[in-house]
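Undergrad: Take a look at the letters that make up each chain.
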Amino acid sequence: MEFPRYHKDIVSDLMSGKFILASDPKFVSLKESEEFYSSFFKESFGYEIEIKTDFAYLLSYETGEQLSRDICLFFAILSFELDKDGKNFLEEIQYAEFETEKLDEYFSNSSYAELILNNNQMKDAFSRKQFYTTLNRRNIIEKTGENKFTFTQAYKVFIDFAADFAKGKLNAAIEG
Amino acid sequence: MLKAEPKTILNFLANYFDSLKDLFDIQAADGVIQRERLAQVLSERNDNIEATLLEYKILRKIGEDFEFRDTYFKLFEFILNEFRPLLPETIQKYEQSIGKLFQKIREGVKGDTLILRSRIDDLYNEIKEFSEAVEKNTIRLLAETRELKSNVDKLDYKEKVRKASFWIDYYIIPLNNILDINHVDSITNKLFDISQYTNVRRLNFNDESIRIQFEKLYTFLVMTNDNLLRQSKLLTNELLPLIERIRTESIILTGWIEFLKQPYKSPVPKIFKPERNYPYSNDMYLNAKEYLEQFITEENILVEDPIANSDKWVFNKELYRSKMLEQLPIDSFFDWCGLTLRSEYKNIETDKFFALTGLLFEDDIMLELDETEKDRKLIKTSQMTLRVPKIKILKYGIS
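Residue numbers (the working numbering), protein chains in the order written: chain L, 1 to 176; chain X, 1 to 399.
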């Protein structure tokens, strides 16, 4: 039986929780064999695969809820602080390069101090640095230097979530 | 005076928390709980607790209506993190009380130590109340302004600006004046003066207990000043530019602000949770081998009988007490102990002997030390030779 190109790497990346990005040659192969991978993961492990236009990732029954919650908290506070700083937060997340020092400044002066201090991934500069390593490993950010990174297209999973969350709240407010 | 046990009241609060929370919300919005609203809330949940609420002094009657007693209202504010905003003029009163107490402390620092101690205590409490009031107000103002930014209620821009101006004019700017360190008359400035003064006094005051109190006040002031500085920063960075900030609106930001209200109770996007072992892992073989091997080796298990404890001697106090009482008067108590033990066992064991000497402290007997016997008696036990006085035992009341 012939498998798609990069098959082993695709499976290995996805199974270690990585997002496969459009800039990665593996993505083309994955996209071309979309049907195969959907049934491969479904039949072999019972996992769903989400293949979007510019990234792909796996979903399992047991989800990394704590990490997902921490990432949401991170995006939420970052968006709030960027907006407070007079910036277009969405454009910044999409295109800007972030310096960890600047992020430390945002997080240490945030009015969400209590939430930040009670979160093990965000409570101080050292924890945040480790958190960035996790995000980098999962391809949610891409390191561009020792203390610099940009967000990859995977940010959309979380930004879309925020928009859906707001819609739910807005609908509830209208119905209420 | 409450008849109920404190624990019963706390359990009551926990059991009827949902109804109490609704009542708290009503009072927070209307300032009072009308009789009909109380009845409505309680009947919705079938909680027939009106009488108990009054008995436990959680609510008090105001004419026909009700309100929470202050203690409980503040407890609910605290645990729900929902504070009613205090008007800055209410906070301003602390300037006077703190200023006056500080002045009295300076004037009377060489006077009576008792009154000085009370004044330092009072100053400590006033500063604490002031700092808590500021913090509660900042929490409330942050919540209100985030609500405006999030705009779930879909207010139009004009209405948003009207609301924002209200918060800025009546709460944010006046509170900023209270906290602004550059303002000569601000309370924060006064607290810095007090802090400098106590810093000197905590090191060079004659009375040690007052020195300790100054030390405590100083430590607290350092902490408070840091906290107030932080509150002041929040005001200038986040609350004062509110009009500017509500100009832009984004559904994503609305989502995030709403999410941040209860981040640990909201749903989150599903992402993959990697498992420890998967088919392509290089360690798969060794991990599986290690896992299986732990079931292969069967170790011989030896079961040892516990050491029998059957010969452990237990002092039967009642038995020996009645023996002693039967034989009263006893000429020499320690001799009697020795003889009693020897009649039952081969020799006198030390711990048995000491156990018996405990009978000396029984209520029904009277002791008499024979002072004519200058020499102590010798009693040989299994481990030592004891030198004991001659003590006569008589029945209490009859000689």
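Some hints here could point you the wrong way.
Stated by the list, open to error - Derived CB-CB ranges, DEER-like:
1) X:E244 to L:S38: 43 to 51 Å
2) X:I173 to L:N88: 25 to 33 Å
3) L:K123 to X:G63: 24 to 32 Å
4) X:G63 to L:N109: 30 to 38 Å
5) X:L75 to L:E62: 37 to 45 Å
6) X:T8 to L:E91: 57 to 65 Å
7) L:E65 to X:K74: 33 to 41 Å
8) X:S209 to L:N88: 54 to 62 Å
9) X:N125 to L:A172: 40 to 48 Å
10) X:Q294 to L:E62: 22 to 30 Å
Stated by the list, open to error - Below 20 Å or equal to it, Euclidean Cα-Cα: the simulated EDC-like pairs (lysine to aspartate or glutamate) are:
11) X:K273 to L:E114
12) L:K42 to X:E275
13) X:K261 to L:D164
14) X:K270 to L:E114
15) X:K261 to L:E114
To be verified - Now the stretches of chain L that chain X is said to cover, found in silico as 3 or more residues with beta-carbon under 8 Å:
16) 61 to 71
17) 103 to 112
FYI, nobody ran anything at the bench for these hints, they're computed from the structure. All values derive from a computational prediction rather than experimental measurement. Beta carbons: idealized from backbone N, C-alpha and C, even for Gly.
Undergrad: Which hints, by number, does the structure contradict?
TA: Structure breaks hints 3, 4, 11 and 14.
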